[in-house]
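Peer 1: Sequence:
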Amino acid sequence: MSKSLKSLLVLAFLVVVIAGYYYKKSSDNKISDSQSPIVGTINYSNNQKSKDEETVNWQNYQDPSGIFSLKYPESSAVNSDAKETKISTKVETIADLVKNGFAAEKEKEALENGKLGDIATGSFSDSNKIIMLDGGKATAKEYIIFADKLKCEVDMILNLIFYYSDKRVKISYQIDNFAVRVPADYLVASDKCENKLLNESRFFANLSTGKVNGELQTFYNDFDEIVKSIKIY
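Numbering-wise, my numbering comes out as the position in the sequence shown, counting from 1, plus 106.
Treat the hints with care, as some may be off.
Each computed SDA-like pair below joins lysine to any residue, with the alpha-carbon atoms no more than 25 Å apart [stated by the list, open to error]:
{"no.": "1", "residue 1": "273", "residue 2": "181"}
{"no.": "2", "residue 1": "235", "residue 2": "255"}
{"no.": "3", "residue 1": "235", "residue 2": "188"}
{"no.": "4", "residue 1": "177", "residue 2": "244"}
{"no.": "5", "residue 1": "243", "residue 2": "334"}
{"no.": "6", "residue 1": "243", "residue 2": "167"}
Restraint ranges, calculated between C-beta atoms of paired labels, are given here [said to hold, decoys possible]:
{"no.": "7", "residue 1": "227", "residue 2": "330", "range": "16 to 26 Å"}
{"no.": "8", "residue 1": "298", "residue 2": "184", "range": "16 to 26 Å"}
{"no.": "9", "residue 1": "291", "residue 2": "339", "range": "25 to 35 Å"}
{"no.": "10", "residue 1": "285", "residue 2": "215", "range": "30 to 40 Å"}
{"no.": "11", "residue 1": "201", "residue 2": "170", "range": "18 to 28 Å"}
Hint data in this document are derived by calculation from the structure and do not stem from the laboratory. Just so it is clear, the structure is predicted and the values come from calculations on it, not from any experiment. Beta carbons: idealized from backbone N, C-alpha and C, even for Gly.
Starting from the given sequences, assemble the full structure and let the hints guide the process.
Peer 2: In C-alpha coordinates:
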(Lines of atoms letter the chains of each structure in order from A and count residues from 1; the text may use other names and numbers.)
(Lines give C-alpha, C1' and ligand atoms only; values in the text may rest on other atoms or scores of the structure.)
Protein backbone atom coordinates (compact mmCIF):
# COMPACT_ATOMS: atom_id res chain seq x y z
CA MET A 1 0.00 0.00 0.00
CA SER A 2 1.42 3.37 -1.02
CA LYS A 3 2.21 6.07 1.54
CA SER A 4 -0.31 8.43 -0.06
CA LEU A 5 -3.11 5.88 0.27
CA LYS A 6 -2.21 5.25 3.93
CA SER A 7 -2.26 8.98 4.59
CA LEU A 8 -5.69 9.29 3.00
CA LEU A 9 -7.06 6.41 5.12
CA VAL A 10 -5.67 7.92 8.33
CA LEU A 11 -7.13 11.31 7.41
CA ALA A 12 -10.51 9.74 6.65
CA PHE A 13 -10.44 7.92 10.00
CA LEU A 14 -9.71 11.15 11.87
CA VAL A 15 -12.56 12.93 10.07
CA VAL A 16 -14.99 10.16 11.08
CA VAL A 17 -13.82 10.26 14.73
CA ILE A 18 -14.10 14.07 14.95
CA ALA A 19 -17.50 14.09 13.26
CA GLY A 20 -18.74 11.41 15.65
CA TYR A 21 -17.55 13.40 18.66
CA TYR A 22 -19.37 16.59 17.62
CA TYR A 23 -22.51 14.64 16.71
CA LYS A 24 -22.64 13.06 20.19
CA LYS A 25 -22.06 16.43 21.88
CA SER A 26 -24.86 18.01 19.85
CA SER A 27 -27.23 15.16 20.74
CA ASP A 28 -26.43 15.47 24.45
CA ASN A 29 -27.22 19.19 24.36
CA LYS A 30 -30.57 18.54 22.69
CA ILE A 31 -31.50 15.94 25.30
CA SER A 32 -30.51 18.32 28.08
CA ASP A 33 -32.58 21.12 26.56
CA SER A 34 -35.62 18.88 26.17
CA GLN A 35 -35.50 17.88 29.83
CA SER A 36 -35.46 21.41 31.27
CA PRO A 37 -37.66 22.50 32.95
CA ILE A 38 -38.90 19.22 34.48
CA VAL A 39 -42.58 18.60 33.85
CA GLY A 40 -44.68 19.42 36.90
CA THR A 41 -42.22 21.91 38.37
CA ILE A 42 -43.38 25.54 38.60
CA ASN A 43 -40.69 28.09 37.85
CA TYR A 44 -41.13 31.32 39.82
CA SER A 45 -39.66 34.64 38.80
CA ASN A 46 -37.41 36.53 41.24
CA ASN A 47 -40.30 38.55 42.65
CA GLN A 48 -42.63 35.57 43.12
CA LYS A 49 -42.83 33.00 45.89
CA SER A 50 -44.40 29.56 45.90
CA LYS A 51 -47.24 29.06 48.40
CA ASP A 52 -44.95 26.87 50.51
CA GLU A 53 -42.46 29.74 50.74
CA GLU A 54 -45.22 32.16 51.71
CA THR A 55 -46.61 29.96 54.49
CA VAL A 56 -43.30 28.83 55.98
CA ASN A 57 -43.22 31.90 58.26
CA TRP A 58 -46.89 31.78 59.21
CA GLN A 59 -47.87 31.83 62.89
CA ASN A 60 -48.90 28.70 64.79
CA TYR A 61 -52.14 28.49 66.75
CA GLN A 62 -52.87 25.68 69.22
CA ASP A 63 -56.52 25.63 70.23
CA PRO A 64 -57.13 25.48 74.02
CA SER A 65 -59.43 22.50 73.45
CA GLY A 66 -56.38 20.42 72.52
CA ILE A 67 -58.28 19.12 69.48
CA PHE A 68 -56.46 20.93 66.69
CA SER A 69 -53.81 23.41 65.64
CA LEU A 70 -53.41 25.52 62.52
CA LYS A 71 -51.10 28.00 60.83
CA TYR A 72 -52.17 31.49 59.80
CA PRO A 73 -50.64 34.56 58.07
CA GLU A 74 -49.13 37.37 60.11
CA SER A 75 -51.72 39.71 58.61
CA SER A 76 -54.45 37.83 60.51
CA ALA A 77 -55.47 37.54 64.15
CA VAL A 78 -57.07 34.60 65.95
CA ASN A 79 -60.10 35.30 68.15
CA SER A 80 -59.17 38.98 68.16
CA ASP A 81 -60.02 42.18 66.27
CA ALA A 82 -56.39 43.29 66.15
CA LYS A 83 -55.98 42.67 62.40
CA GLU A 84 -58.03 43.30 59.25
CA THR A 85 -58.44 39.57 58.65
CA LYS A 86 -59.75 37.52 61.54
CA ILE A 87 -59.91 33.84 62.37
CA SER A 88 -62.49 32.81 64.94
CA THR A 89 -62.67 29.35 66.47
CA LYS A 90 -65.56 27.81 68.37
CA VAL A 91 -65.74 24.38 70.03
CA GLU A 92 -69.14 23.19 71.30
CA THR A 93 -70.45 19.87 72.60
CA ILE A 94 -72.99 18.02 70.50
CA ALA A 95 -75.27 17.81 73.55
CA ASP A 96 -75.37 21.61 73.91
CA LEU A 97 -76.08 22.06 70.21
CA VAL A 98 -78.93 19.55 70.31
CA LYS A 99 -80.43 21.36 73.31
CA ASN A 100 -80.49 24.52 71.20
CA GLY A 101 -82.34 22.75 68.41
CA PHE A 102 -79.41 22.11 66.06
CA ALA A 103 -79.29 18.69 64.38
CA ALA A 104 -75.62 18.16 65.20
CA GLU A 105 -75.83 14.37 65.37
CA LYS A 106 -77.31 14.25 61.88
CA GLU A 107 -74.58 16.53 60.53
CA LYS A 108 -71.84 14.51 62.23
CA GLU A 109 -73.16 11.23 60.84
CA ALA A 110 -73.30 12.66 57.31
CA LEU A 111 -69.71 13.92 57.48
CA GLU A 112 -68.45 10.64 58.93
CA ASN A 113 -69.96 8.94 55.88
CA GLY A 114 -68.28 11.40 53.54
CA LYS A 115 -71.48 13.29 52.74
CA LEU A 116 -72.37 16.97 53.00
CA GLY A 117 -75.73 16.42 54.60
CA ASP A 118 -77.86 19.55 54.75
CA ILE A 119 -76.57 22.75 53.16
CA ALA A 120 -75.24 25.07 55.86
CA THR A 121 -77.85 27.57 56.99
CA GLY A 122 -77.49 30.95 55.27
CA SER A 123 -74.66 29.73 53.05
CA PHE A 124 -74.20 30.14 49.32
CA SER A 125 -75.22 26.62 48.27
CA ASP A 126 -72.57 26.13 45.56
CA SER A 127 -69.80 26.83 48.07
CA ASN A 128 -70.63 23.82 50.26
CA LYS A 129 -68.04 21.09 49.85
CA ILE A 130 -66.34 18.20 51.65
CA ILE A 131 -62.75 18.62 52.84
CA MET A 132 -60.48 15.93 54.31
CA LEU A 133 -58.35 17.25 57.17
CA ASP A 134 -54.89 16.12 58.24
CA GLY A 135 -54.59 13.14 55.93
CA GLY A 136 -58.14 11.93 56.55
CA LYS A 137 -58.25 12.21 60.35
CA ALA A 138 -61.48 14.21 60.05
CA THR A 139 -64.01 15.04 57.36
CA ALA A 140 -65.11 18.68 57.28
CA LYS A 141 -67.70 20.83 55.57
CA GLU A 142 -66.51 24.10 54.05
CA TYR A 143 -68.88 26.87 52.94
CA ILE A 144 -69.25 30.63 52.42
CA ILE A 145 -71.85 32.99 53.84
CA PHE A 146 -72.34 36.19 51.84
CA ALA A 147 -74.31 38.04 54.57
CA ASP A 148 -78.05 38.66 54.69
CA LYS A 149 -79.60 40.18 51.57
CA LEU A 150 -82.79 40.90 53.47
CA LYS A 151 -80.75 43.27 55.62
CA CYS A 152 -79.07 44.77 52.53
CA GLU A 153 -75.68 43.56 53.77
CA VAL A 154 -72.60 42.89 51.65
CA ASP A 155 -70.10 40.65 53.39
CA MET A 156 -68.26 37.33 53.11
CA ILE A 157 -67.38 34.80 55.81
CA LEU A 158 -65.46 31.61 55.02
CA ASN A 159 -66.35 28.70 57.29
CA LEU A 160 -65.19 25.19 58.15
CA ILE A 161 -66.95 22.68 60.40
CA PHE A 162 -65.77 19.28 61.62
CA TYR A 163 -66.50 16.90 64.48
CA TYR A 164 -64.13 15.38 67.01
CA SER A 165 -65.58 12.84 69.43
CA ASP A 166 -68.53 14.64 71.07
CA LYS A 167 -67.35 18.11 69.97
CA ARG A 168 -68.20 20.30 66.98
CA VAL A 169 -65.43 22.62 65.80
CA LYS A 170 -66.15 25.70 63.71
CA ILE A 171 -63.44 27.87 62.16
CA SER A 172 -64.40 31.12 60.41
CA TYR A 173 -62.35 33.63 58.44
CA GLN A 174 -63.46 37.19 57.76
CA ILE A 175 -62.00 40.37 56.29
CA ASP A 176 -62.89 43.92 57.39
CA ASN A 177 -64.83 46.21 55.05
CA PHE A 178 -65.59 43.55 52.46
CA ALA A 179 -68.25 45.75 50.86
CA VAL A 180 -65.62 48.43 50.16
CA ARG A 181 -63.01 45.98 48.93
CA VAL A 182 -65.17 44.03 46.48
CA PRO A 183 -64.75 45.23 42.84
CA ALA A 184 -67.69 47.35 41.66
CA ASP A 185 -68.43 45.10 38.68
CA TYR A 186 -69.56 42.37 41.10
CA LEU A 187 -72.23 44.62 42.62
CA VAL A 188 -75.75 44.92 41.23
CA ALA A 189 -78.62 47.31 41.91
CA SER A 190 -81.47 46.16 44.13
CA ASP A 191 -85.09 47.34 44.25
CA LYS A 192 -85.24 46.68 47.99
CA CYS A 193 -81.95 48.25 49.07
CA GLU A 194 -80.40 51.68 48.65
CA ASN A 195 -76.96 50.15 48.26
CA LYS A 196 -75.93 47.64 45.62
CA LEU A 197 -75.74 43.96 46.53
CA LEU A 198 -73.22 41.30 45.64
CA ASN A 199 -73.77 39.20 42.54
CA GLU A 200 -72.97 36.07 44.53
CA SER A 201 -73.03 33.56 41.67
CA ARG A 202 -70.67 35.52 39.45
CA PHE A 203 -68.36 36.48 42.30
CA PHE A 204 -68.09 32.93 43.64
CA ALA A 205 -67.53 31.47 40.17
CA ASN A 206 -64.54 33.75 39.65
CA LEU A 207 -63.27 33.57 43.23
CA SER A 208 -63.22 29.77 43.29
CA THR A 209 -61.27 29.65 40.02
CA GLY A 210 -58.71 32.31 40.99
CA LYS A 211 -60.01 35.04 38.70
CA VAL A 212 -60.90 37.82 41.15
CA ASN A 213 -57.29 38.83 41.83
CA GLY A 214 -56.19 41.37 44.44
CA GLU A 215 -56.60 41.17 48.20
CA LEU A 216 -59.91 39.27 48.18
CA GLN A 217 -58.44 36.49 46.07
CA THR A 218 -55.44 36.35 48.41
CA PHE A 219 -57.82 36.23 51.39
CA TYR A 220 -59.72 33.31 49.83
CA ASN A 221 -56.52 31.46 48.91
CA ASP A 222 -55.10 31.99 52.41
CA PHE A 223 -58.11 30.25 53.93
CA ASP A 224 -57.41 27.27 51.71
CA GLU A 225 -53.87 27.14 53.11
CA ILE A 226 -55.13 27.58 56.68
CA VAL A 227 -57.42 24.58 56.20
CA LYS A 228 -54.58 22.51 54.74
CA SER A 229 -52.40 23.35 57.75
CA ILE A 230 -54.88 21.99 60.32
CA LYS A 231 -53.52 19.18 62.50
CA ILE A 232 -55.87 16.94 64.49
CA TYR A 233 -54.69 15.55 67.86
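Peer 1: Under the criterion that the straight-line Cα-Cα distance not exceed 25 Å, is the pair residue 273, residue 181 satisfied?
Peer 2: 29 Å, violated
Peer 1: 30 to 40 Å was suggested as the range; check whether the CB atoms of residue 285 and residue 215 agree with it.
Peer 2: 37 Å, holds
Peer 1: Could one say that the CB atoms of residue 298 and residue 184 fall in the range 16 to 26 Å?
Peer 2: Violated - the Cβ-Cβ distance for residue 298 and residue 184, about 36 Å, lies outside 16 to 26 Å.
Peer 1: Kindly confirm whether 25 to 35 Å is satisfied by the beta carbon distance between residue 291 and residue 339.
Peer 2: 44 Å, violated
Peer 1: Has the hinted range 16 to 26 Å been met by the Cβ atoms of residue 227 and residue 330?
Peer 2: 23 Å, holds
Peer 1: So if I understand the rule, the pair passes when the alpha-carbon distance is 25 Å or less; does residue 235 with residue 255 pass?
Peer 2: Answer holds: residue 235 to residue 255 is near 22 Å, not above 25 Å.
Peer 1: Assess, step by step, whether the Cα of residue 177 is no farther than 25 Å from the Cα of residue 244, and give holds or violated.
Peer 2: The given pair, whose Cα atoms are some 17 Å apart, holds under the 25 Å limit.
Peer 1: Would you mind confirming whether the straight-line C-alpha gap from residue 235 to residue 188 stays at or under 25 Å?
Peer 2: Not OK: residue 235 and residue 188 at ~30 Å, beyond 25 Å, violated.
Peer 1: Checking one constraint from the list: CA of residue 243 to CA of residue 334, max 25 Å. Satisfied?
Peer 2: Holds, at about 12 Å.
Peer 1: Could you say whether the range 18 to 28 Å given as a hint is met by the Cβ separation of residue 201 and residue 170?
Peer 2: The hinted range 18 to 28 Å holds for residue 201 and residue 170, with Cβ atoms some 19 Å apart.
Peer 1: Is it true that the CA of residue 243 sits at most 25 Å from the CA of residue 167?
Peer 2: 19 Å, holds
Checked against the numbered hints given earlier, the structure breaks hints 1, 3, 8 and 9 and satisfies all the rest.
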